[in-house]
Structures are given as structure tokens and as C-alpha cells.
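Engineer: So you can see what is in the structure, the chains are spelled out below.
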Amino acid sequence: MLVGLDARPIHVEADIGRGEVAFMLVGLAATTVKEARERVRSAIRNSGLEFPTTRLTVNLAPAEMRKQGTALDLPMAVAIALARAGKAAPPHSAFLGELALDGSVRHVDGVLVAARGLSTLGYERVFVPAADAAEATLVDGLEVIPCASLIGVVNHLLGAEAIAPAPRGAFVCVAATDIEHDLTEVHGQEEAKRALEVAAAGGHHLLMSGPPGAGKTMLARCLPGILPPLELAEALEVAQVRSLLGDLPREGPLDWARPFRSPHHGVSMAGLIGGGSGLAQPGEISRAHHGVLFLDELAEFQTPVLQALRQPLESGRVNITRSGGSVTYPARFTLVAATNPCPCGWAGDGVRGCRCTPGAVDTYQRRLSGPLLDRIDLQVAVRRVQLELLASEARGESSATVRERVVAARRLQQERQGCLNAQLKPARLRQLAGLAPESRRALERWGAHRGITARGFHRAWRVARTSADLDGSAQIEEHHILEALGFRLQDVAA
Amino acid sequence: MSPPDLRTRGRWPPPEGPRAAIVGSRRPSPYGEAVAEQLGLELARAGVIVVSGLALGIDAAAHRGALNGGGVTVAVMGTGVDVIYPAAHGVLAEAILAAGGALVSQFPDGTAPRRHNFPARNYTMAALADVVVVVEAAEGSGALITAEAALDLHKEVMAVPGSIFSPLSVGTHSLLRDGAGLVQNARDVLAALRLGGEVLDDPLATPKNLGFKLPGERDGILSHLSDVLALNAAEVARKLQLPIAEVLGRLTALELDGAVRRHQGGYVRALRRGKERA
Numbered sequence: 001m002l003v004g005l006d007a008r009p010i011h012v013e014a015d016i017g018r019g020e021v022a023f024m025l026v027g028l029a030a031t032t033v034k035e036a037r038e039r040v041r042s043a044i045r046n047s048g049l050e051f052p053t054t055r056l057t058v059n060l061a062p063a064e065m066r067k068q069g070t071a072l073d074l075p076m077a078v079a080i081a082l083a084r085a086g087k088a089a090p091p092h093s094a095f096l097g098e099l100a101l102d103g104s105v106r107h108v109d110g111v112l113v114a115a116r117g118l119s120t121l122g123y124e125r126v127f128v129p130a131a132d133a134a135e136a137t138l139v140d141g142l143e144v145i146p147c148a149s150l151i152g153v154v155n156h157l158l159g160a161e162a163i164a165p166a167p168r169g170a171f172v173c174v175a176a177t178d179i180e181h182d183l184t185e186v187h188g189q190e191e192a193k194r195a196l197e198v199a200a201a202g203g204h205h206l207l208m209s210g211p212p213g214a215g216k217t218m219l220a221r222c223l224p225g226i227l228p229p230l231e232l233a234e235a236l237e238v239a240q241v242r243s244l245l246g247d248l249p250r251e252g253p254l255d256w257a258r259p260f261r262s263p264h265h266g267v268s269m270a271g272l273i274g275g276g277s278g279l280a281q282p283g284e285i286s287r288a289h290h291g292v293l294f295l296d297e298l299a300e301f302q303t304p305v306l307q308a309l310r311q312p313l314e315s316g317r318v319n320i321t322r323s324g325g326s327v328t329y330p331a332r333f334t335l336v337a338a339t340n341p342c343p344c345g346w347a348g349d350g351v352r353g354c355r356c357t358p359g360a361v362d363t364y365q366r367r368l369s370g371p372l373l374d375r376i377d378l379q380v381a382v383r384r385v386q387l388e389l390l391a392s393e394a395r396g397e398s399s400a401t402v403r404e405r406v407v408a409a410r411r412l413q414q415e416r417q418g419c420l421n422a423q424l425k426p427a428r429l430r431q432l433a434g435l436a437p438e439s440r441r442a443l444e445r446w447g448a449h450r451g452i453t454a455r456g457f458h459r460a461w462r463v464a465r466t467s468a469d470l471d472g473s474a475q476i477e478e479h480h481i482l483e484a485l486g487f488r489l490q491d492v493a494a
Numbered sequence: 001m002s003p004p005d006l007r008t009r010g011r012w013p014p015p016e017g018p019r020a021a022i023v024g025s026r027r028p029s030p031y032g033e034a035v036a037e038q039l040g041l042e043l044a045r046a047g048v049i050v051v052s053g054l055a056l057g058i059d060a061a062a063h064r065g066a067l068n069g070g071g072v073t074v075a076v077m078g079t080g081v082d083v084i085y086p087a088a089h090g091v092l093a094e095a096i097l098a099a100g101g102a103l104v105s106q107f108p109d110g111t112a113p114r115r116h117n118f119p120a121r122n123y124t125m126a127a128l129a130d131v132v133v134v135v136e137a138a139e140g141s142g143a144l145i146t147a148e149a150a151l152d153l154h155k156e157v158m159a160v161p162g163s164i165f166s167p168l169s170v171g172t173h174s175l176l177r178d179g180a181g182l183v184q185n186a187r188d189v190l191a192a193l194r195l196g197g198e199v200l201d202d203p204l205a206t207p208k209n210l211g212f213k214l215p216g217e218r219d220g221i222l223s224h225l226s227d228v229l230a231l232n233a234a235e236v237a238r239k240l241q242l243p244i245a246e247v248l249g250r251l252t253a254l255e256l257d258g259a260v261r262r263h264q265g266g267y268v269r270a271l272r273r274g275k276e277r278a
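Those protein sequences? They're chains E and C, same order as listed. The first sequence: position 302 = 302 (my numbering), numbered continuously. The second sequence: position 119 = 119 (my numbering), numbered continuously.
The set of hints was computed from the structure by calculation and includes no laboratory data. Computed from a predicted structure; not experimentally measured. Possibly wrong hints are sitting among the right ones.
[As the list claims (entries may be wrong)] Label pairs and their in silico Cβ distance ranges:
1. C:GLN184 - E:VAL267: 53 to 63 Å
2. E:GLY276 - C:GLU94: 54 to 64 Å
3. C:GLY70 - E:ARG430: 31 to 41 Å
4. E:ALA427 - C:ARG11: 19 to 29 Å
5. C:GLN184 - E:GLY359: 27 to 37 Å
6. E:THR303 - C:ARG11: 26 to 36 Å
7. E:ARG440 - C:PRO108: 29 to 39 Å
8. C:ALA88 - E:THR303: 58 to 68 Å
9. C:HIS116 - E:PRO437: 23 to 33 Å
10. E:GLY359 - C:GLY17: 51 to 61 Å
[What the hints assert, rightly or not] Okay, the calculated bits of chain C under chain E, using three or more residues with CB under 8 Å as the criterion:
11. 29-37
12. 228-234
By construction, the Cβ of each residue, glycine as well, lies at the ideal position given by its N, Cα and C atoms.
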């Protein structure tokens, strides 16, 4: 059974004793599992097997854990069939699958997660629904037996007719997946493009502010294309979350493209962070793991929902407690947020004037300030591009070119510190990211001039480190610091 | 129409002398702010009482200029005289009182800011002044209501021209087209107040005489920036054919030197003397 991304093995025992006809199911089974009695009974009968006509007891151990879900159908039926045949299940084997009344084995969610968990627990063989076999074969060193029907499994176990293990999925690491949105399609906006490059290279979060139609969404969609493709381990983590949600394509479950999630601003806490009844399901932030989470109209999101982003932004994980227990999901994403500069959206636009009162603008911008903004390293104002520029030939660098620089800068960071610059804590920053004397002076001058906060100080420092990495420079020079200080909105706290 | 009964704080009535109202946008460009401050200062030095509305932007700059010029200034408020709006102008209001000026309002004490109160306040402001000078007003700006009221009251209306590219010039330029007096410097206003000869042959005073420190031209970027319209780093980079990363850094360096300021999501040349106000 799955608890979040953890697999907990459940031992299913069946005993056929003497006594009147009964089917006892013990071991803290939830309603979904109790219903399994009827499915299991019909599936066994309709498979041409005999259902015990005396007292049957099925025990689910450990008894103190509440059992949920339909994946226990197959192991229960197998246990009963084997008990009748007087045989034991093969060692180090696990079973999961839902049964149809006719005895065929149906898809269950989270097979990849279960297979990985079982493999680390020392299991060598896993019987899974045939439909989900491709997922399970992604796990190294695990024999996967695809199960189409209950009778097939029983015949296999009794040695009557063996099922061939599923072939290990052939993965070719696709070097360059098609880039859906290329930077060459974005006219002008060099400032924002540069911010995207720095965000991609250092894993920094980014806030764009600008009027409607300035191209904020388009820019955000370009970010996955300048990030390196997922590594195998990362792709597996992304696939695990999708597997839990039953959202993994049957053919080719591994996707090398970085996820891009853009929930609407009406999204609920449970939808964004994760939640639901019983055990929490992963939310949008976990689906964006190793990818990009784009929040358009940031100021329109409910404040508590935004506040809840703080923990995952800090730790790359989210811990959710519900009645069914507490689970932890991965949520290491790059946040790209977009906002209008004011309620009407036109403040700062050269052509259309803003009609909001200064007070309303203040209130609007104050909604964005505070702890969330403190965790966003890069802020950039996006303005509408003049029409003649839009009509001109597409210019500027392609996403592939920018990605090469991003990959090189990320490699430097991995070699130096084993993580991206955005994840550096102040202590390690001091230790790893030396400032040239004039760079330190520039930072200090800025602090004296503008009353910069400690957080703001470290933000600029981290961004400067990334800027230097993009240059291949070991030292942080003054111009790196100055560029970093430029990536902030005047109207929002420095 | 005579001004309604006024609640006042500070010295009221103010000392005898001509009064000029300086009004305009609450979100001016650095140019407009510098003009308002400069006009306030020079008019105050010439003994004119500067009347304005204690609002953000042009109003505050005019009050500040008058205080810097050692003059008396009167704030006509749209709230009760005991309710400072915006709250951030508490210090400014105290300074006005300390300098022998006054806060006045036609509304009872404790009146909170209400949108519909401000047009009436604008009317009062026109009634209290001998001349109304509009500095930067977009279409539909409250400053235009003040100008209209001044016309109703047979007071002189004057306007400061701005850039034809700026939305903040629409209101002032339409006033000028309709016959408002052209303001190129404080002496134009003084002439309208019959405090000096008419100025016909005096072109714009050079920036140096205006008291502004124009940033040096060492850096090519500065010559591409305007003091009215904001350009962003991408636009500067395109003009200069420089890499965006370099332009961002150089703009920040200029900002650090106080030579450029952020304005409306871009950069403008700073036209301010001394230190940035908080």
C-alpha cells in the first residue's frame, strides 16, 4: 500500500478452516477493501476456480495500519487460491491489482511508486496489472510479471503455464525534446529574457510585473525550453507523482521534458499544495517538481494559499497532514509569478494611462509584499513591446543557444557546491561565493543608500553568483552585483 | 461664490499677499515633480503663498518647494483637518504648520477620505488662490477640476507644458490650447500676479540656473534617457547595441550614483537636488 511516495508492504494470509460458510476479512480494512470480498469471490468463481465452501479467513498484516484502495484485490484472491491448492507464494514477491468480476486484472494508480518502494525493501518480483507493467519496468533490478487475468496468475504460480516477465523498457535519453515555445518567438523583452536565463541557470524564482498583453505568459512558457532535459533520476521522480495520480501515459511513461504547471488563480489550497480526504494527494506544486510552476495574476490568489507556498519554496518538499496520516511530497520547482502593476493593469504603460488611485495601487502591491516575495530572487518589469518591433523579423537567440549557457552554468554550480545557487544558505554563500572587493563595496553602498534588508542582500548575492557562473567567472565582479541589484521592482521592497 | 466655512489648523488667515495654487498629477514624472518643486520654491522666495492639496506627487512637491524657499504654504484638504491623507504626509503637514502655514478644510473634523469630497476641495482651492498653475495632468485629472473652478471664479489659469509623448501632458496641453497662460518659469506666474513685468524674451533658464544638477555625460546611457518617459533596460540596450546584462549593471550603477531613477517599470534621468527623499 502507498503512503504518499512511501510503499508499505502488507502481508495477505488466507486460511481455510472448518466451520460454516463465511468470508472473514480482518486487519483494519477500510470500506474500499471490505468491498473487495465481493469482487474477489466473483472473480475466483468466474475464473473457473473453486471458492472455499467452509470458513475462510483473510488477514491483512500489520493489523494496526488502516488499509485502503483496490490494489489488494489481486493479492487476496491469489492468497485464497494458493491456500486451496495448499501452496505458498514464491518468496520476495509482491502482488498488486484490482479485480474485475470476470477475473481480469485492472489498472491501479501508483504502480511505479509501489515498484520502486518494493525494490528498495528487497522484493525481487512484482505482479502488476498488465496495463501498468511498463511503469514498473522503469525500476532497475525488479522482475515484472504482467497480469492480465487471475487465472493466468494462478496457473503461473502453480507451474501450469508461466507468464514471461515484461521486457525492461528501452529508454533512449532524448537529447533535445521539441521546444514548444522558443525564445526567438518573443520579440524584444531582452530584460525579461535575461531574467529567465538567470532563473534557469541558478534555479531562482522570478516575478514579472507588467500590463496585460505584455507577453508575461509567453515568456514564462519559454522557461522549460531553456532548462536542461530531466536526468533519469529526476524523470523517475516526476513520473512517480504522475503515477500516483494515475496520469502516466501507458506507452512511454517517462517524459524528459520539464513539467510546466499553470494553475488558475482560483485554485484551492488542496489543489495547489496537495490535500483531499484521508491521505493527501499531491497538488500542483508537486506536479511541477523539477519543472516550472507559473502563477499568473499572483495578486488574485487567496492569501492563505500563497502563504502555504513558503515551506515548499524553502525546503523543496511539502508535508501535508490529513485524517489518514501525514505524507511528504517532493516540490522542488522554479516559481514564475506574473502580476499586473496595479488593479487596472496599466500603470507604467506609455500609451494607456492607469486609472487607479495611488492608494489602490499601494494596497494591490502590498498584497504581494512580505514573506513570499522575500523568497523570489528575481523581479523584472515587463512592458508592452512597440508594434513595429512585433512586426519585425524574429530576432534574438534561440532557446537552444541559451540552454547551452544554462547547462554550463549549472554544471559549474554542481561541481562547486552540489546544488543550485538559489538553494545556497547565507553561511555557504559566504564560504563559496567570494566577492571581489569592489563588488562588496557596491553591495554595501546599495545597502546604505536604500536600506536593503538582510534577505535582500543575500538575494542579490545569490543572483550575482549565477550571473558570474553564466560568465564562467570564479569571482563575483562588480558588474555581476550591479546586474543582480537591477533585478528588482522599485515599488516593491528591495 | 464665496468659499464655504473653513476648519483650520495653523495660522489663519495667512499673511497678506498673493496666492498661487500649484496642482497636478498624484503620480507625476520626475520632470513634473522637479518643476513643481522649483516653482514652489521660487514663488515662495518672491513672497507668494503657495496653495496646494497635500496629495501625493505634484501637490507634495509644491509644498516642499515652498518650505525649502522659506515661504508660507497652505494645504487645502479633502478630509477633516485632523485627518492627514495620505497618512505618509504627516511629517509634511507638521512642517507646513511649523513654517507658519495652515491646513484648511471645508469638511468637519474627522471626515475620512471620500472620493466625492475631493472635487469640492478642488473648488475651494481655486477660490483661495489668485492664480492656478497646473503641472502635469492626465485626461480627467482632478487638477483640471481646479482649473475649471478657477475659470468659473474668474481667476487666472496657467499650465506648464510637458512632453507630447506623455499621457500626463494631455490635460495641461488642452488647457494651453484653450488659452491658459504658459508657464516656463516662476516669473511667468509672478507676472500673472502683477508682481513683475511680463516676460517675453526670457527663454527657459538653463538647467544650471534652475538649480538642478544634470548628471554628467560620462556615460553614454544617460544621453539616451529622458526625464519624462521611462525606458526599460531592453530599450536602452537596443539603442546602444549593448548586451542586456551589461546595460542592467550600468543602469544600476547610475541608480546608485543617484543619476537615474526607477519610474513606471523603467528608468528615467533623475532631476533632483541632493539626496533622494525617503
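Engineer: Hint by hint, say whether it matches the structure.
Structural biologist: Tested hints:
1. Distance hint for GLN184 (chain C) and VAL267 (chain E): a CB-CB separation of about 56 Å, consistent with the stated range 53 to 63 Å.
2. With their beta carbons about 56 Å apart, GLY276 (chain E) and GLU94 (chain C) fall inside the hinted range of 54 to 64 Å.
3. Evaluation of the 31 to 41 Å hint for GLY70 (chain C) and ARG430 (chain E) yields a failure: the beta carbon distance comes to about 50 Å.
4. For the pair ALA427 (chain E) and ARG11 (chain C), the beta carbons lie near 58 Å from each other, so the given range of 19 to 29 Å is not met.
5. Hint check: GLN184 (chain C) to GLY359 (chain E), Cβ distance near 33 Å, so the stated range 27 to 37 Å holds.
6. A hinted range of 26 to 36 Å for the beta carbons of THR303 (chain E) and ARG11 (chain C) is inconsistent with their spacing of about 46 Å.
7. Range check, ARG440 (chain E) to PRO108 (chain C): about 56 Å between beta-carbon atoms, so the 29 to 39 Å window is missed.
8. Checked against the given bound of 58 to 68 Å, the beta carbons of ALA88 (chain C) and THR303 (chain E), roughly 24 Å apart, lie outside it.
9. Range check, HIS116 (chain C) to PRO437 (chain E): about 59 Å between beta-carbon atoms, so the 23 to 33 Å window is missed.
10. At about 34 Å, the CB distance of GLY359 (chain E) to GLY17 (chain C) disagrees with the hint of 51 to 61 Å.
11. With 0 residues having a beta carbon nearer than 8 Å to a beta carbon of chain E, the region 29-37 of chain C misses the requirement of three or more and the stated coverage is violated.
12. Check on the region 228-234 of chain C: 5 of its residues sit with their Cβ under 8 Å from a Cβ of chain E, so the three-residue criterion for coverage holds.
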